[in-house]
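Asks: Sequence:
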Amino acid sequence: MSAFEILINNWELVVALTFAFLVGAIAGLMFLAINKDKALKFGVKVDQLRKPVGKTLFKILRKPQGVFKAILFIFAVNLIGGAGMYATLGGVLIVPLLLWLALVGLLVVLVVVKEPQRLPVAIRVVPFEIGAFIVAGVGGMNIGINLFFGGDVGLAIREWITLFYTLVIPLQFIGALFEGIMAHRVYIVQQKPLPEWLSED
Numbered sequence: 032m033s034a035f036e037i038l039i040n041n042w043e044l045v046v047a048l049t050f051a052f053l054v055g056a057i058a059g060l061m062f063l064a065i066n067k068d069k070a071l072k073f074g075v076k077v078d079q080l081r082k083p084v085g086k087t088l089f090k091i092l093r094k095p096q097g098v099f100k101a102i103l104f105i106f107a108v109n110l111i112g113g114a115g116m117y118a119t120l121g122g123v124l125i126v127p128l129l130l131w132l133a134l135v136g137l138l139v140v141l142v143v144v145k146e147p148q149r150l151p152v153a154i155r156v157v158p159f160e161i162g163a164f165i166v167a168g169v170g171g172m173n174i175g176i177n178l179f180f181g182g183d184v185g186l187a188i189r190e191w192i193t194l195f196y197t198l199v200i201p202l203q204f205i206g207a208l209f210e211g212i213m214a215h216r217v218y219i220v221q222q223k224p225l226p227e228w229l230s231e232d
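Under this note's numbering, the first residue of the sequence shown carries the number 32, and numbering increases by one thereafter.
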């Protein structure tokens with residue numbers, strides 16, 4: 032069975048995960064409308080959790096051939112941490128993945144409003160990276176459903192492998208390509224200000 036057939040057969044999971052991300056994004060807009068200052072402060076606090084990764088990325092970008100190295104770094108982090116750990120393992124447990132995608136949607140909105148210079152990066156990156164997370168999440172949730180509610184776990188794992196190698200890896204690489212190139216252009220070439228939490232030290 033092809034990756035696209037697997038997604039079609041699990042369209043309810045695709046819709047549920049997409050909905051979770053959109054709910055988070057809408058919640059971010061509502062939070063901004065209710066109390067913009069608190070919303071932006073919350074966004075900064077959550078975004079700061081990525082400080083070790085962010086600092087490493089910007090150090091890499093400043094080095095010779097930094098763009099190429101940054102692309103590989105972003106790809107590895109998102110593939111292992113995002114698609115592998117959060118999306119797949121979170122998907123097996125079902126609820127954590129839904130909460131994580133909602134939080135990502137919320138954070139994307141708050142971060143872009145707080146720091147508009149990150150919008151060009153987000154516009155090009157989000158469709159690919161979030162798409163990869165959703166595809167990996169479908170595979171993970173399918174494993175979880177078969178594991179906890181009875182089913183063919185072996186088949187679910189094989190389908191996850193198909194999804195991962197056919198769609199997740201290419202989507203993550205395209206996302207990393209855009210993110211590395213755009214981050215270099217915005218922060219190194221155009222010298223736009225870094226996120227506040229990276230400028231502190």
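Think of the hints as simulated: they come from the structure by calculation, not from any bench.
Among the clues, some could well be false.
To be verified - Simulated pairs of lysine-lysine, DSS-like, Cα-Cα distance not exceeding 25 angstroms:
| id | residue 1 | residue 2 |
| --- | --- | --- |
| 1 | Lys90 | Lys145 |
| 2 | Lys223 | Lys76 |
| 3 | Lys223 | Lys72 |
| 4 | Lys100 | Lys82 |
| 5 | Lys223 | Lys90 |
| 6 | Lys82 | Lys69 |
Asks: Evaluate each hint against the coordinates.
Replies: We went through each hint and held it up to the structure:
For a cut-off of 25 angstroms, the pair hint linking lysine 90 to lysine 145 stands: about 23 angstroms separates their Cα positions. With a C-alpha separation of about 21 angstroms, the suggested pair lysine 223 and lysine 76 falls inside the 25 angstroms cut-off, and the hint holds. The straight-line distance between the Cα atoms of lysine 223 and lysine 72 is roughly 21 angstroms, inside the 25 angstroms bound, and the hint therefore holds. Restraint check: the Cα-Cα separation between lysine 100 and lysine 82 comes to about 18 angstroms, which is no more than 25 angstroms; the hinted pair holds.
Between the alpha carbons of lysine 223 and lysine 90 the distance comes to roughly 16 angstroms, so the proposed pair stays at or under 25 angstroms and holds. The hinted pair formed by lysine 82 and lysine 69 meets the criterion: a straight-line CA distance of about 20 angstroms does not exceed 25 angstroms.
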